[in-house]
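With the hints as extra help, turn the sequences into a complete structure.
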Amino acid sequence: SGIKTPEIYFGYKFSRGQLGNRGGWKPEQVGEYSLPEKLKEDKFYLSGSWKNNLDSMELVSDTGEVDLKYFSKDVNIVAGANSLVQVTSYLDGEKRKEVEVKDQKLYNVISEGDYNSHTLKLKVEKGFKIYTFTFG
Numbered sequence: 024s025g026i027k028t029p030e031i032y033f034g035y036k037f038s039r040g041q042l043g044n045r046g047g048w049k050p051e052q053v054g055e056y057s058l059p060e061k062l063k064e065d066k067f068y069l070s071g072s073w074k075n076n077l078d079s080m081e082l083v084s085d086t087g088e089v090d091l092k093y094f095s096k097d098v099n100i101v102a103g104a105n106s107l108v109q110v111t112s113y114l115d116g117e118k119r120k121e122v123e124v125k126d127q128k129l130y131n132v133i134s135e136g137d138y139n140s141h142t143l144k145l146k147v148e149k150g151f152k153i154y155t156f157t158f159g
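With the working numbering, the residue at position 118 of the sequence shown is 141, and numbering never jumps.
It is possible that some hints are incorrect.
Under the rule of at most 30 Å between Cα atoms (straight-line distance), these lysine-lysine pairs were calculated in the BS3-like manner [unchecked claim]:
1. Lys74 / Lys125
2. Lys92 / Lys118
3. Lys146 / Lys128
4. Lys118 / Lys63
5. Lys63 / Lys96
6. Lys63 / Lys128
7. Lys27 / Lys63
8. Lys146 / Lys92
9. Lys36 / Lys149
10. Lys66 / Lys27
11. Lys63 / Lys120
12. Lys36 / Lys66
13. Lys96 / Lys27
14. Lys63 / Lys36
15. Lys27 / Lys92
16. Lys118 / Lys149
17. Lys66 / Lys96
18. Lys49 / Lys146
19. Lys27 / Lys49
20. Lys120 / Lys149
21. Lys146 / Lys63
22. Lys61 / Lys120
23. Lys125 / Lys149
24. Lys120 / Lys146
25. Lys27 / Lys146
26. Lys92 / Lys128
27. Lys92 / Lys66
28. Lys49 / Lys63
In short, the hints are calculated from the structure, not lab data.
What follows is the structure in C-alpha cells.
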C-alpha cells in the first residue's frame with residue numbers, strides 16, 4: 024500500500040501546519056511544549072523547551088521528545104547537533120534504536136518490514152536540532 028505520510032518540515036518557514044502542539048509556532052523564540060493525550064496522524068508533537076528556528080527546531084531543555092503518528096515503513100530524520108547527542112527511537116512504545124547525532128545529515132531511526140500505521144517517539148538530548156522527517 025506504500026507511504027501515506029508526507030515529508031514533515033520542522034522550521035516555521037517551511038511548515039505546512041504539521042506542528043500538532045497547542046500554542047503552535049513561536050518564531051525565533053523558545054516554546055515550552057507538552058504532549059497531548061492523543062496524537063493526530065501526520066503531525067509532529069514536541070515535549071520540552073524548543074527554539075523555533077526558520078528551518079529547524081532545537082532542544083534547549085536537558086531532555087525532550089518528538090512524537091509522530093505516521094503510515095510508512097522506514098523513518099529518517101535530517102538532524103544535527105553542536106556536540107554529540109543520543110537519540111533513542113521507540114516504535115509503538117517499544118525501544119528500537121539508539122543513534123548518535125552530530126553532523127547535519129540524514130539518520131535512519133526506524134526500519135520496518137512492511138508499511139503500517141505506527142507511533143514513533145524520539146527521546147533526545149539538549150542541543151539536538153531536527154529539520155525534517157522523511158519516509159521510505
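Checked against the structure, which of the hints given earlier come out wrong?
-> none
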